[in-house]
Amino acid sequence: MLNNKIINQIKKNIGAITPIIEPVTLCNLSCSYCFVGEKKSSNMEFSILEKIISSVIIHNGKDSITKFIWHGGEPLLAGLDFYMKVVDFQNNFKKDGYRILNAIQTNLTLLNDEFIDFFIKNEFGVGTSLDGTKELHDKNRCNSFDKVFKNLHYAKSKGLHVGVICILTKETLPHIEEIYSFFRDNNIDFTLSPVIPNSRYSEFILTTDEYYIALKQLFDLWYLDENCKIRVNPCGSIIQSILLKGINLSCIHSENCLNHFLTFLPNGDVFPCNRFTDYEQFKIGNISNMTFTEILKSEKRSELLSRTIETINACRKCEFRQYCKGGCMNHAYEFYQTIYERDYYCQSFFKIFQYINEKVNVSINKAKRQI
Amino acid sequence: METNELIIELKEPNLNVNIDIERIDSPALQRILREFSDPEIVTKMYDKHSDWGQQGQCGCVMGCLGG
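If you read the protein sequences in the order shown, they are chains A and B.
Residue 383 is where the first sequence starts when you use the working numbering, and the numbers rise one by one after that.
Residue 4 is where the second sequence starts when you use the working numbering, and the numbers rise one by one after that.
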């Protein structure tokens with residue numbers, strides 16, 4: 383039964399800092415709408431790696447689980463030895479009772495048996511990007527579909543769970559039904575995410591109405607589909623948020639992601655998230671010459687943490703503020719050039735929250751027991 | 004308590020709704036509600052790489068930002 387005790391426990395647990403670590407910024411692909419700017423080939427030095435791992439684990443303590451997210455660039459370019467070292471460092475803390483998990487976001491093209499076995503053995507979660515069918519994916523992801531799809535199935539067949547993000551753009555907008563059927567028929571959980579509103583690739587950016595209509599279409603396809611066994615987000619996560627009284631575990635709806643996440647680049651630079659790494663003014667510090675406590679208490683982090691739903695005019699009177707919590711500060715910055723604005727996709731969120739809330743209420747009311 | 008009983012709160016903040024999950028018209032919502040009936044829900048929410056874990060804008064569930 384879902385009750386306040388459980389909700390309070392969840393609230394307590396989501397207080398830990400989750401580091402997003404980029405061991406390398408280089409990538410072997412060059413997708414049309416990649417938001418990562420400068421890409422360098424050098425790996426993160428082990429001294430920096432060790433400092434990040436130990437600092438975050440000790441900060442989070444034994445009551446929380448510390449989750450490490452390995453990102454990039456293409457993080458598999460760092461090599462298996464790098465991740466073996468990661469696990470070695472972490473094991474020193476596990477022995478003392480600290481709880482640790484890892485997840486990696488990779489394009490899968492470099493995945494091999496050694497990586498798969500290592501990820502299974504060490505309980506790494508794996509995420510990848512797949513934009514639907516071969517035709518849709520290959521348009522902007524360097525003709526990588528065959529390799530990604532083959533490796534995804536192979537990894538799943540060996541027991542590795544792989545989650546998928548599907549980026550929605552102006553180009554793929556007319557293909558929602560095709561995208562949904564593709565993932566459902568291949569039994570792949572996926573999250574449909576809009577392309578980041580970055581002016582570098584403005585031709586791909588959706589209007590807020592377009593994104594809303596796409597989400598509504600996706601929700602309708604999924605909600606009443608008897609043959610669907612997959613999880614489809616953000617449809618499922620919005621329902622989850624409704625059921626959890628506004629606790630939404632998605633980073634963009636966590637009020638201020640800096641309460642939960644920090645991104646570390648190979649040279650030790652620290653940013654709120656990897657969407658901001660092109661903007662020097664968002665640099666929080668460098669773990670090489672600062673302690674983790676100094677980073678957490680830094681002026682820049684405090685300044686960025688001041689973005690809340692109370693500081694965003696559009697959010698103050700919004701009926702869905704407890705679900706949305708102001709959205710993504712990067713989406714706001716990319717469009718409005720300030721973080722103290724609503725998410726660029728605000729109107730899409732508002733309409734889809736409203737739509738899903740009504741649908742769920744109707745379903746629940748029909749199933750009410752007579753007491 | 005039966006496993007398909009659930010108390011949730013929707014629009015009305017203090018409304019406890021006793022529902023029969025079998026009568027829910029959406030298979031997707033049914034699945035989600037059944038998962039909420041699982042006593043291990045907190046474990047699923049946080050301790051594992053589950054679908055209920057902390058989510059970011061990527062596929063790995065745990066909270067990164069994808070692209």
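Derived from the structure by calculation, the hints contain no laboratory data.
Misleading hints may appear alongside valid ones.
Claimed, not checked - Listed next, the stretches of chain A that the computed footprint assigns to chain B, with coverage defined by at least 3 CB atoms under 8 angstroms from CB atoms of chain B:
#1 454-464
#2 620-626
Stated by the list, open to error - Example chain A residues on the side facing chain B (calculated, C-beta under 8 angstroms, incomplete):
#3 W604
#4 V742
#5 I746
#6 A749
#7 R751
Stated by the list, open to error - Okay, derived cross-link-like pairs now, SDA-like style, lysine to any residue, Cα gap no bigger than 20 angstroms in a straight line:
#8 K516/A / N21/B
#9 K750/A / P30/B
#10 K611/A / N21/B
#11 K750/A / N21/B
#12 K521/A / L555/A
#13 K699/A / P30/B
Ideal placement from N, C-alpha and C gives every residue a C-beta, glycine not left out.
- Query: For the stretch 620-626 of chain A, do at least 3 residues have a Cβ located nearer than 8 angstroms to some Cβ of chain B?
  - Reply: holds (count 4)
- Item | Pairwise hint evaluation, P30/B against K699/A, where the allowed Cα distance is 20 angstroms at most | violated (34 angstroms)
- Task: Please work out if K750/A and P30/B have their alpha carbons no farther apart than 20 angstroms.
- Result: Roughly 16 angstroms separates the two Cα atoms, so the pair holds.
- Message: Hint validation: I746/A versus chain B, beta carbon distance must be below 8 angstroms. Holds or violated?
- Response: holds (6 angstroms)
- Can you take a look at whether the stretch 454-464 of chain A is actually covered by chain B? Rule is 3+ residues, C-beta closer than 8 angstroms. violated (count 0)
- Item | chain B contact restraint on W604/A - CB to CB distance below 8 angstroms | W604/A check passes; min Cβ-Cβ to chain B is 6 angstroms, inside 8 angstroms.
- Could you check if R751/A really has its C-beta closer than 8 angstroms to a C-beta on chain B? holds (5 angstroms)
- Task: May I ask you to test the interface hint for A749/A with respect to chain B, counting a Cβ-Cβ separation under 8 angstroms as satisfied?
- Result: With Cβ-Cβ at 4 angstroms, under 8 angstroms, it holds.
- Does V742/A meet its interface restraint, that is, does its C-beta lie within less than 8 angstroms of any C-beta in chain B? holds (6 angstroms)
- Message: Between the alpha carbons of K516/A and N21/B, is the straight-line distance 20 angstroms or under?
- Response: Judged against 20 angstroms, a Cα distance of about 45 angstroms means the pair is violated.
- Task: Would you check the hint for K521/A and L555/A, treating anything up to 20 angstroms between C-alpha atoms as holding?
- Result: Answer holds: K521/A to L555/A is near 13 angstroms, not above 20 angstroms.
- Item | Pair hint outcome, K750/A versus N21/B [Cα-Cα no greater than 20 angstroms] | holds (6 angstroms)
Violated hints, in rising order: 1, 8, 10, 13; the structure is consistent with all others.
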